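Number of protein chains: 2
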Amino acid sequence: MGSVGESDKYLLNRHKESHFTAGEIVRDIIIGVSDGLTVPFALAAGLSGANASSSIILTAGIAEVAAGAISMGLGGYLAAKSEADHYARELQREQEEIDTIPDTEAAEVAEILAEYGVEPHEYGPVVNALRKNPKAWLDFMMKFELGLEKPDPKRPLQSAFTIAVSYVLGGLVPLLPYMFIPVAQKAVVASVIVTILALLIFGFAKGYFTGSKPVWSALQTALIGAIASAAAFGMAKAVQG
Amino acid sequence: MGSVGESDKYLLNRHKESHFTAGEIVRDIIIGVSDGLTVPFALAAGLSGANASSSIILTAGIAEVAAGAISMGLGGYLAAKSEADHYARELQREQEEIDTIPDTEAAEVAEILAEYGVEPHEYGPVVNALRKNPKAWLDFMMKFELGLEKPDPKRPLQSAFTIAVSYVLGGLVPLLPYMFIPVAQKAVVASVIVTILALLIFGFAKGYFTGSKPVWSALQTALIGAIASAAAFGMAKAVQG
Numbered sequence: 001m002g003s004v005g006e007s008d009k010y011l012l013n014r015h016k017e018s019h020f021t022a023g024e025i026v027r028d029i030i031i032g033v034s035d036g037l038t039v040p041f042a043l044a045a046g047l048s049g050a051n052a053s054s055s056i057i058l059t060a061g062i063a064e065v066a067a068g069a070i071s072m073g074l075g076g077y078l079a080a081k082s083e084a085d086h087y088a089r090e091l092q093r094e095q096e097e098i099d100t101i102p103d104t105e106a107a108e109v110a111e112i113l114a115e116y117g118v119e120p121h122e123y124g125p126v127v128n129a130l131r132k133n134p135k136a137w138l139d140f141m142m143k144f145e146l147g148l149e150k151p152d153p154k155r156p157l158q159s160a161f162t163i164a165v166s167y168v169l170g171g172l173v174p175l176l177p178y179m180f181i182p183v184a185q186k187a188v189v190a191s192v193i194v195t196i197l198a199l200l201i202f203g204f205a206k207g208y209f210t211g212s213k214p215v216w217s218a219l220q221t222a223l224i225g226a227i228a229s230a231a232a233f234g235m236a237k238a239v240q241g
Numbered sequence: 001m002g003s004v005g006e007s008d009k010y011l012l013n014r015h016k017e018s019h020f021t022a023g024e025i026v027r028d029i030i031i032g033v034s035d036g037l038t039v040p041f042a043l044a045a046g047l048s049g050a051n052a053s054s055s056i057i058l059t060a061g062i063a064e065v066a067a068g069a070i071s072m073g074l075g076g077y078l079a080a081k082s083e084a085d086h087y088a089r090e091l092q093r094e095q096e097e098i099d100t101i102p103d104t105e106a107a108e109v110a111e112i113l114a115e116y117g118v119e120p121h122e123y124g125p126v127v128n129a130l131r132k133n134p135k136a137w138l139d140f141m142m143k144f145e146l147g148l149e150k151p152d153p154k155r156p157l158q159s160a161f162t163i164a165v166s167y168v169l170g171g172l173v174p175l176l177p178y179m180f181i182p183v184a185q186k187a188v189v190a191s192v193i194v195t196i197l198a199l200l201i202f203g204f205a206k207g208y209f210t211g212s213k214p215v216w217s218a219l220q221t222a223l224i225g226a227i228a229s230a231a232a233f234g235m236a237k238a239v240q241g
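Sequences listed follow chains R and B, in order.
Under the UniProt record's numbering, the first residue of the first sequence is numbered 1, with each subsequent residue one higher.
Under the UniProt record's numbering, the first residue of the second sequence is numbered 1, with each subsequent residue one higher.
Hints should not be assumed to be uniformly reliable.
To be verified - Computed list of lysine to aspartate or glutamate pairs in DMTMM-like fashion (alpha-carbon distance at most 20 Å, straight line): (1) B:132 with R:122; (2) B:135 with R:111; (3) R:150 with B:145; (4) B:154 with B:24; (5) R:150 with B:115; (6) R:143 with B:115; (7) R:143 with B:119; (8) R:135 with B:122; (9) R:150 with B:149; (10) R:81 with B:24; (11) B:213 with R:85; (12) R:143 with R:115; (13) B:143 with R:139; (14) R:213 with B:85; (15) B:143 with R:111; (16) R:213 with B:90; (17) B:135 with R:115; (18) B:135 with R:119; (19) B:132 with R:111; (20) R:132 with B:115; (21) B:150 with R:149; (22) R:132 with B:111; (23) B:135 with R:122; (24) R:143 with B:145; (25) R:143 with B:111; (26) B:143 with R:115; (27) R:132 with B:122; (28) B:81 with R:24; (29) B:213 with R:83; (30) B:150 with R:115; (31) R:143 with B:149; (32) R:135 with B:119; (33) B:132 with R:119; (34) B:213 with R:90; (35) R:213 with B:83; (36) B:150 with R:145; (37) R:132 with B:119; (38) R:135 with B:115; (39) B:143 with R:149; (40) R:135 with B:111.
None of these hints come from the bench; they were simulated from the model.
Owing to the predicted nature of the structure, the values given are computational and were not obtained by experimental measurement.
Isolated chain R (complex conformation) (with noise of 0.2 Å):
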């Protein structure tokens, strides 16, 4: 069992981190989408079931959708910043702890090994051997001890963008037939067709992406949708009445 060679592990990282990175642009979509076809969907029906008018259905709409992609956007993109921001004071206090008390961070490395029953006879070599190697020795303990993976610096600004298109383009599905269509009661028929549709389609994509089974998945998300606008719609006459 020979040690793994300088290019397989550099091949090894780049293909880990492309799918950590694809993983998180799905969830993204998934994030962007899924509110984005739900929230501006009820709104527009509760609003269409409060008896306003298509023009007022679609100021209504168009605002939280722009709304919504905003603050979802930004949000990711703090979110991911925030991570970053935590990974790298965490790795500036490892380093400082590896150089001031390095004999309290192997303690550490010898209790993370010994919480799987390897005895310290067996786990004092890898101690040594992490000892002698201060930039391995940080990278366990960042993966090891703290759990932190070392954040790509696009991915803020990724994260943002992503969800943002995804909740906009989610948004415009239940809201092209109230442009339309002027008759806010028509165009609520068209709106509940294409966003249960879209809602199913949705659903079993996820589902297919993130290894649940599709059918359930999509099934789920139309009923998240309809639960979502029964609220609405129960809460607009509400006001209303």
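Keeping the supplied structure of chain R fixed, place chain B upon it in accordance with the hints.
Same frame as chain R, now just chain B:
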């Protein structure tokens, strides 16, 4: 360096679990309040700029809060359930690999440790120790190969409830003025004041709890609210024509 005692390990794990859950509850509150304060505020401000009445604004706002709380709350539920299902599937797969292809799994352990500059004669005893303790080996692979933590079964419901309630509480802040001031153009002034205050306070608290600079966090949070409402205002004006 003796091995860590059983009761110490139990206390250590319980301590880690409560830190983990508290962090997730804070994260869910941040998710709910961030959007709850921002989107209903922006929607209401946008509609008042388009000369809608307090009645319409309140109808749209309350409907949006209901829809948003349900969409985000149930979204949080599904996300947490999905993580739990993913963990269960990966656990089963790792167990099968340990049972059917132990040599490959042992090579994976070697590869993990080799990445940190640990030589075969140094990590060999650790690999053997794990091979003799299948339960510890499984835990090791879950954590160090896949980076997965055992999820708390309470999390899905807890997450849904926390996010939904946070969104509702956040959303009520900008809408309350419209409940008491029938002239929308006056209500919007009160709404802007209370919401900006709430955004600053919430942003400060968020920074404090996540270890970022609280003043900078307060300003960022208020700025997102301002940008979102400017966008909603602009879109509402554009649609109204």
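Evaluation of the provided hints:
no.: 1; hint: B:132 with R:122; result: 13 Å, holds
no.: 2; hint: B:135 with R:111; result: 18 Å, holds
no.: 3; hint: R:150 with B:145; result: 16 Å, holds
no.: 4; hint: B:154 with B:24; result: 12 Å, holds
no.: 5; hint: R:150 with B:115; result: 15 Å, holds
no.: 6; hint: R:143 with B:115; result: 12 Å, holds
no.: 7; hint: R:143 with B:119; result: 19 Å, holds
no.: 8; hint: R:135 with B:122; result: 18 Å, holds
no.: 9; hint: R:150 with B:149; result: 18 Å, holds
no.: 10; hint: R:81 with B:24; result: 17 Å, holds
no.: 11; hint: B:213 with R:85; result: 11 Å, holds
no.: 12; hint: R:143 with R:115; result: 16 Å, holds
no.: 13; hint: B:143 with R:139; result: 15 Å, holds
no.: 14; hint: R:213 with B:85; result: 11 Å, holds
no.: 15; hint: B:143 with R:111; result: 15 Å, holds
no.: 16; hint: R:213 with B:90; result: 16 Å, holds
no.: 17; hint: B:135 with R:115; result: 11 Å, holds
no.: 18; hint: B:135 with R:119; result: 16 Å, holds
no.: 19; hint: B:132 with R:111; result: 19 Å, holds
no.: 20; hint: R:132 with B:115; result: 14 Å, holds
no.: 21; hint: B:150 with R:149; result: 18 Å, holds
no.: 22; hint: R:132 with B:111; result: 19 Å, holds
no.: 23; hint: B:135 with R:122; result: 18 Å, holds
no.: 24; hint: R:143 with B:145; result: 11 Å, holds
no.: 25; hint: R:143 with B:111; result: 15 Å, holds
no.: 26; hint: B:143 with R:115; result: 12 Å, holds
no.: 27; hint: R:132 with B:122; result: 13 Å, holds
no.: 28; hint: B:81 with R:24; result: 17 Å, holds
no.: 29; hint: B:213 with R:83; result: 14 Å, holds
no.: 30; hint: B:150 with R:115; result: 15 Å, holds
no.: 31; hint: R:143 with B:149; result: 13 Å, holds
no.: 32; hint: R:135 with B:119; result: 16 Å, holds
no.: 33; hint: B:132 with R:119; result: 12 Å, holds
no.: 34; hint: B:213 with R:90; result: 15 Å, holds
no.: 35; hint: R:213 with B:83; result: 14 Å, holds
no.: 36; hint: B:150 with R:145; result: 16 Å, holds
no.: 37; hint: R:132 with B:119; result: 12 Å, holds
no.: 38; hint: R:135 with B:115; result: 11 Å, holds
no.: 39; hint: B:143 with R:149; result: 13 Å, holds
no.: 40; hint: R:135 with B:111; result: 17 Å, holds
This entry satisfies every hint, going by the numbered hints stated previously.
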